[in-house]
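There are 2 protein chains.
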Amino acid sequence: MTTKLYDTLGIGNAIVDVLSHVSDDFIAAQKLGKGTMTLVDEARSKQLYSLIGPATECSGGSVANTMAGIASLGGKGAFIGKVADDQLGKIFAHDLQSVGVRYHSKPAPGAQPSTANCLVLVTPDAQRTMATYIGACALLSENDIDEPLIAQARTVYIEGYLWNEAHNKAAIRKAISLARGYGAQVAFTLSDTFCVNTHRDEFLSLVQNDLDLLFANEAEIKALTGAMDAEEAITAARGLCPTVAITMSEKGSVVVTNEHTFRAPAKPVAKLVDTTGAGDLFAAGFLHAKAEGKSLLECAELGNRCAGEIIQQMGARAMKPLKALVA
Amino acid sequence: MTTKLYDTLGIGNAIVDVLSHVSDDFIAAQKLGKGTMTLVDEARSKQLYSLIGPATECSGGSVANTMAGIASLGGKGAFIGKVADDQLGKIFAHDLQSVGVRYHSKPAPGAQPSTANCLVLVTPDAQRTMATYIGACALLSENDIDEPLIAQARTVYIEGYLWNEAHNKAAIRKAISLARGYGAQVAFTLSDTFCVNTHRDEFLSLVQNDLDLLFANEAEIKALTGAMDAEEAITAARGLCPTVAITMSEKGSVVVTNEHTFRAPAKPVAKLVDTTGAGDLFAAGFLHAKAEGKSLLECAELGNRCAGEIIQQMGARAMKPLKALVA
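As given, the protein sequences belong to chains A and B, one line each in that order. Position 172, counted from 1, in the first sequence is what the working numbering calls 172; the numbers after and before it change by one each time, with no gaps. Position 80, counted from 1, in the second sequence is what the working numbering calls 80; the numbers after and before it change by one each time, with no gaps.
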């Protein structure tokens with residue numbers, strides 16, 4: 001095997017999170033689906049922002065969070081995603097580059113549409129509800145899929161959220177086709193149940209034909225397979241693609257292959273603060289352990305540890321290096 | 001007494017903080033004075049930013065932090081300070097307005113100079129070292145001093161940091177003169193030892209002639225008075241102006257009037273996370289209690305409680321409402 005520069009190349013939305021505490025009543029009054037992600041336009045994003053209290057800004061984006069996690073664990077990663085030429089775009093780039101992720105996607109020219117933002121509304125139960133204005137991310141196109149970068153990646157990891165934009169879809173298709181050509185593994189996250197429900201047939205075809213590794217949480221895998229409960233979903237996941245990693249919150253995670261089911265229970269968490277990024281950091285731990293040649297069970301266990309760490313702080317980017325979690 | 005709309009009108013720098021963890025070695029290698037604030041130009045700010053790890057953005061500014069604290073305690077406040085017409089400026093305004101502070105200062109036109117930022121570098125001992133690019137704040141001028149606002153304020157609270165810019169100084173002079181005319185109390189914070197050392201004679205004249213209430217920490221009051229230790233500084237502070245409130249970290253705070261010295265010991269803190277904003281939030285508690293007609297000792301005690309709260313989180317804006325601290 002030739003040596004490649006990057007363990008993982010992530011492709012996803014380039015988003016700055018706007019974290020704020022809100023009440024359950026606020027989520028209900030604004031008709032946001034608690035615990036889910038809603039896409040909003042710029043006007044609605046601004047309106048919601050005007051209604052929430054003081055916030056903290058922190059770089060986000062699901063696969064970008066995973067890539068930051070991999071770098072924090074000591075892995076080598078790169079990222080492709082679209083920001084605007086504005087202050088938040090510079091913040092997003094800084095936070096990824098400074099943790100050691102190669103990130104040189106060309107910003108969209110000008111400040112409109114702006115860099116994407118995600119209002120992450122954290123309720124007293126530490127659950128997060130998200131409203132995302134996709135902004136410049138919608139402009140990610142085939143031109144942004146950097147062939148030399150894919151040639152240097154052992155795994156290409158793609159965000160399901162991207163499926164919401166036609167431009168993005170073409171970019172993903174190109175990335176998958178190049179990844180195949182260069183012998184890279186293709187990993188994908190279902191991202192969100194709304195995402196799955198909207199693109200179910202396309203997702204199923206993608207999973208069955210193009211993927212080596214699928215990440216999903218319990219709700220997403222149920223939505224994809226039509227399963228009614230967790231065990232049924234695990235059964236239905238078998239054979240969908242070579243490896244399916246399913247996160248199940250406090251129950252831990254399950255890895256399903258054609259022949260086996262590996263279960264990795266989660267350790268209890270000292271203080272649950274904010275569940276933002278739990279799935280993203282699970283993927284970071286899993287992908288990093290995999291790149292290090294660990295067993296699937298060990299991959300799930302490191303994934304659990306990373307997820308357990310991130311839910312004890314605000315935001316989805318680890319405030320302290322994750323390296324200590326690598327046993 | 002006529003009823004005024006605002007307990008406190010704050011005038012200070014409008015800054016977005018960029019919070020990041022660094023090592024002591026980094027502070028030393030960059031020749032930053034540990035625990036102090038250094039003014040840097042845009043190029044140096046960008047260079048330092050390129051060298052630090054992932055960061056979190058959070059609205060800051062010393063007196064602005066105080067005003068956010070007062071609002072969080074349930075007090076009525078307004079703020080005057082200058083941002084640019086850019087994304088960080090909008091974030092600054094949102095975070096102040098959304099907590100209930102009246103803030104309608106006109107942004108400087110255009111995006112250059114940008115909204116001020118402060119790199120808040122937190123070392124493992126929870127101490128913070130700051131590098132501030134003052135940006136649009138330098139443009140705060142007499143035109144920004146809104147006379148009707150001052151007419152509606154019971155206390156005008158001014159930031160010593162403003163003394164670094166000539167434009168700002170003229171603005172402060174106007175604010176003090178108007179405050180006097182409308183019968184408002186004038187409060188001032190020395191802000192930083194470097195600030196005091198640079199402007200010692202002007203600060204002394206200001207304190208002795210124009211102030212009703214002075215806030216300082218131990219180092220700052222020593223710098224102002226030339227005292228060699230804390231007790232000598234307390235003695236030297238007497239008579240400087242009617243009330244001097246001195247914060248002394250884990251020792252708590254001391255209020256010095258012409259006749260008396262009130263000492264308010266600090267309660268031990270469960271977990272010290274980041275000392276950013278300790279002085280700002282002390283001022284918030286003190287000013288709020290004062291507006292509520294409390295005794296000077298009670299003012300110092302609420303100040304201590306607010307400071308004790310803010311050092312148990314990252315950043316100088318309270319993540320949870322401070323109202324619970326009002327006994």
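Please keep in mind that the hints were generated in silico from the structure rather than gathered at the bench. It is possible that some hints are incorrect.
[Said to hold, decoys possible] Below, computed lysine to any residue pairings styled on SDA-like, alpha-carbon distance capped at 20 Å:
no. : chain 1 : residue 1 : chain 2 : residue 2
1   : B       : 90        : A       : 51
2   : B       : 90        : A       : 53
3   : B       : 267       : B       : 125
4   : A       : 323       : A       : 293
5   : A       : 90        : A       : 144
6   : A       : 4         : A       : 148
7   : A       : 323       : B       : 267
8   : B       : 320       : A       : 26
9   : B       : 320       : A       : 313
10  : B       : 90        : A       : 52
11  : A       : 271       : A       : 261
12  : A       : 320       : B       : 271
13  : B       : 320       : A       : 123
14  : A       : 271       : B       : 319
15  : A       : 31        : A       : 127
[Unchecked claim] Computed beta-carbon distance windows for the label pairs:
no. : chain 1 : residue 1 : chain 2 : residue 2 : range
16  : A       : 183       : B       : 249       : 58 to 66 Å
17  : B       : 272       : A       : 126       : 38 to 46 Å
18  : A       : 323       : B       : 51        : 56 to 64 Å
19  : A       : 294       : B       : 326       : 30 to 38 Å
20  : A       : 312       : B       : 249       : 24 to 32 Å
[Said to hold, decoys possible] Here are some, though not all, of the chain B residues that point toward chain A, as calculated from beta-carbon distances under 10 Å:
no. : residue
21  : 24
22  : 26
23  : 27
24  : 28
25  : 31
26  : 33
27  : 51
28  : 72
29  : 94
30  : 96
31  : 110
32  : 257
33  : 315
34  : 317
35  : 319
36  : 324
Backbone N, C-alpha and C fix where the C-beta goes; we use that ideal spot for every residue, glycine too.
Structure-based check of all given hints:
1. B:90 with A:51: 14 Å, holds
2. B:90 with A:53: 14 Å, holds
3. B:267 with B:125: 19 Å, holds
4. A:323 with A:293: 17 Å, holds
5. A:90 with A:144: 18 Å, holds
6. A:4 with A:148: Holds, at roughly 11 Å.
7. A:323 with B:267: 35 Å, violated
8. B:320 with A:26: Roughly 16 Å between the alpha carbons, so the hint for residue 320 of chain B and residue 26 of chain A holds.
9. B:320 with A:313: It holds: about 15 Å lies between the C-alpha atoms, which stays within 20 Å.
10. B:90 with A:52: 14 Å, holds
11. A:271 with A:261: 30 Å, violated
12. A:320 with B:271: With a Cα-Cα distance of about 16 Å, the restraint between residue 320 of chain A and residue 271 of chain B holds, given a limit of 20 Å.
13. B:320 with A:123: 12 Å, holds
14. A:271 with B:319: Status holds; Cα separation ~16 Å.
15. A:31 with A:127: 16 Å, holds
16. A:183 with B:249: 58 to 66 Å: 59 Å, holds
17. B:272 with A:126: 38 to 46 Å: 23 Å, violated
18. A:323 with B:51: 56 to 64 Å: 20 Å, violated
19. A:294 with B:326: 30 to 38 Å: This hint is violated: roughly 53 Å between Cβ atoms.
20. A:312 with B:249: 24 to 32 Å: Check passed, 28 Å falls within 24 to 32 Å.
21. 24: Residue 24 of chain B check fails; min Cβ-Cβ to chain A is 16 Å, beyond 10 Å.
22. 26: 12 Å, violated
23. 27: 17 Å, violated
24. 28: Because about 20 Å separates residue 28 of chain B from the closest Cβ in chain A, which is outside the 10 Å limit, the hint is violated.
25. 31: Interface hint status for residue 31 of chain B: violated (21 Å vs cutoff 10 Å).
26. 33: 23 Å, violated
27. 51: Because about 8 Å separates residue 51 of chain B from the closest Cβ in chain A, which is inside the 10 Å limit, the hint holds.
28. 72: 9 Å, holds
29. 94: Cβ of residue 94 of chain B sits 6 Å from chain A, so the hint holds.
30. 96: Interface hint status for residue 96 of chain B: holds (8 Å vs cutoff 10 Å).
31. 110: 12 Å, violated
32. 257: 34 Å, violated
33. 315: 7 Å, holds
34. 317: It holds, given that the least Cβ distance between residue 317 of chain B and chain A is near 6 Å, below 10 Å.
35. 319: 7 Å, holds
36. 324: Violated: closest Cβ of chain A sits about 14 Å from residue 324 of chain B, beyond 10 Å.
Hint compliance for this structure: hints 7, 11, 17, 18, 19, 21, 22, 23, 24, 25, 26, 31, 32 and 36 are broken, all remaining hints hold.
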